[in-house]
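Put the two chains together into one complex; each comes in its own frame, and the hints tell you how they fit.
Protein chains in written order, with our numbering: chain A, 1 to 202; chain B, 1001 to 1128.
The reader is advised that the hints may include incorrect statements.
DSS-like cross-link-like pairs, simulated, lysine-lysine; straight-line CA separation at most 30 Å [what the hints assert, rightly or not]:
1. B:K1076 to A:K93
2. A:K91 to B:K1076
3. A:K167 to A:K93
4. A:K20 to B:K1079
5. A:K91 to A:K17
6. A:K17 to A:K167
7. A:K167 to B:K1076
8. A:K20 to A:K167
9. A:K17 to A:K93
10. A:K20 to B:K1076
11. B:K1079 to A:K93
12. A:K20 to A:K93
13. B:K1079 to A:K167
14. B:K1076 to A:K17
15. A:K20 to A:K91
16. A:K91 to A:K167
Simulated from the structure, these hints should not be mistaken for laboratory data.
Listed below, chain by chain, are the residues.
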Amino acid sequence: MSDTAEAVITFVPDTDKESKAIFGFWIYIMTDCVLFASLFATYAVLRNNTFGGPDGAQIFNLPYVLAETIVLLTSSFTCGLGILSARRRHKNKVLMWFSISFFLGLTFLALELSDFRHLAAMGDSWRRSGFLSAFFTLVGTHGAHITVGLFWMATMLFRIWQVGLTKANVRRLTLLSIFWHFLDLIWIFIFTIVYLFGVMQV
Amino acid sequence: MSKEKPVAVVSKHSTEYGTLRTYFTGYILSIILTLGAYLLVVNRHTIERSVVLILIVAFALIQFLVQLYYFLHLGKETKPRWKLFVFGFMVSVVLILVFGSIWIMNHLNTRMTPAQVNTYLSNQGGGF
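Bound-form chain B, shown alone (with noise of 0.2 Å):
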């Protein structure tokens, strides 16, 4: 009886802080990160577009990973990462949102002119 061990779950959470060095690691490369970004789209005239947009994009997600990582602490966390399985979650809902809005609202753009609006709000008694 007496050998049992505590029943509650004590985690160890003093790795999950950073440090001076994280800190300062992490805003120096989201300074060169967001630099590198602007700098990219000022110069947009004499770069490829497509380059300019790929590598915005790839600058803002890894800028989104650094600062989770360095401010934020995520990852670190001991082994019942509940931290990390909730992002996974919060990432899944965000992607569906974003991404489902833009392809249904673009694809009903794209199958509706204004004229076929028109028509259509004019048969059922309104219209502009």
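Pulled out of the complex, with its shape left as it was, chain A reads as follows (with noise of 0.2 Å):
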């Protein structure tokens, strides 16, 4: 029996790990969907009560959002690049797809405070109305994610940078990966219904 056990041990590799860690992450980011679920309910119910404010088609501009999707976007492609040469062991690109990814990340972030700021000045802050505070309350917490995974970027880059490709750490950068995606994923709702739809006047 002790044979047997120890067969077993030596027999499970090192995937077995990540597939568990994959797993345990991959149920973390069906919660948070949840989470991502009743901010879009509040933002559905409460997006005609403008109180005398402005509607989504007069605030919203679109050329500006897709330029933030499309940022947000290639960050998610050249992460899932960093995450295939993670796999072949290529140091220097992880490193290369990683940092593009990042400042992409970063890119994208500065265009949503710089709008949220202008709409702030413009005296269209979520104090404004019941649609502008679920409107910042759902885009916000989305751009908390972003920040939340910028920080995870950049201490992973300067570990990878530090000690090299281990196997921790591609494990660590496989679960940063499919964070990110799933950021990529819940903007494309947020482009549709709050943007596309907004302006279209649902």
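Listed below in structure tokens is the structure:
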């Protein structure tokens, strides 16, 4: 029996630990989707409660939002290329792709914050109406996730530069890439439900 | 005894990861779908409104599936498909949460006019 047990231990490859980590992280991502769903539901309910303030069609700048979308999508794509390089243990390529992802993510965040600042300066902050409260909460929560992701990415870049592509680091990078792709998924719905529907005055 | 197979379930996940080609396909498809939805809304005055709405919802859902498949590799895992199972549960919770909220709140909204709300609140000793 003990022989079998030993055989089992040696037979289990390292990928098993990784797949468990990925599955655990996947469950976290799924619960985060439920968090976003509650914010989307709030937004859908409050979207017409403008209280005399502007509605979506008046404040959304579609070309600007399209630029944000393309930047975030490209960031998600380069992050995927980074993971492919990590599998092949190409340290410099990993550093390059994830640096590009990081700066694209930073650009996205800067665009979003400057949009928020512009709205607040026009007097259309979250205090203006139910619609704007729901808008800032939903888009802001996504932005907060992006901020967390950027900190995580910066930490990973530093660690990989310092100690290289160890098994643990590749595993963490994989989780980070799942997180980053997930934020892009959420953005598809923000782009469609908040911005496109807003301009269409649904 | 020695012929017994190892008890631990060892899964081969090598197929779960993408290649350069799959990431590239996912990226190009996402760009096309995003630009398609954008152009439809930009040209909303020349196209039938319901067509625009149906198409942008369809484009969003297709892009969602494209990114799930090409970026998150959902559906590529081997037999005990736990990721897909948890995903299906998430989708059902999300649908109930979102459509349930919209349904209930719209129902309340149509059944209560602002005047009724005011009367109700003043009967309670409050009111605007």
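Consistency of the hints with the structure:
A C-alpha spacing of about 26 Å is found between K1076 of chain B and K93 of chain A, which places the hinted pair at or below 30 Å, so the restraint holds. The suggested pairing of K91 of chain A with K1076 of chain B holds, with an alpha-carbon distance near 27 Å, which does not exceed 30 Å. Of the pairs offered as hints, the one joining K167 of chain A and K93 of chain A holds, with about 17 Å between alpha carbons and a cut-off of 30 Å not exceeded. Under the criterion of a C-alpha separation no larger than 30 Å, the hint pairing K20 of chain A with K1079 of chain B is consistent with the structure, at around 15 Å.
Restraint check for K91 of chain A and K17 of chain A: the C-alpha separation of about 22 Å stays at or below 30 Å, so the hint holds. A hinted pair counts as satisfied when its Cα atoms are at most 30 Å apart, and K17 of chain A with K167 of chain A qualifies at roughly 10 Å. Our distance criterion of 30 Å between C-alpha atoms is met by K167 of chain A and K1076 of chain B, whose separation comes to about 23 Å. For the suggested pair K20 of chain A and K167 of chain A, the alpha carbons sit about 14 Å apart, so the restraint of at most 30 Å is met.
A hinted pair counts as satisfied when its Cα atoms are at most 30 Å apart, and K17 of chain A with K93 of chain A qualifies at roughly 25 Å. For the suggested pair K20 of chain A and K1076 of chain B, the alpha carbons sit about 16 Å apart, so the restraint of at most 30 Å is met. Between K1079 of chain B and K93 of chain A, the direct Cα distance comes to roughly 33 Å. Violation of the 30 Å bound is thereby established for this hinted pair. A hinted pair counts as satisfied when its Cα atoms are at most 30 Å apart, and K20 of chain A with K93 of chain A qualifies at roughly 26 Å.
A threshold of 30 Å between alpha carbons decides the hint, and for K1079 of chain B with K167 of chain A the separation of about 25 Å falls inside it, so the pair holds. Proximity of K1076 of chain B to K17 of chain A is assessed by CA-CA distance (about 18 Å); at most 30 Å being required, the pair is judged to hold. Annotation: proposed proximity of K20 of chain A to K91 of chain A holds, straight-line Cα distance about 24 Å (limit 30 Å). Only pairs whose Cα atoms come within 30 Å are accepted, and K91 of chain A paired with K167 of chain A is accepted, the gap being roughly 13 Å.
Checked against the numbered hints above, the structure violates only hint 11.
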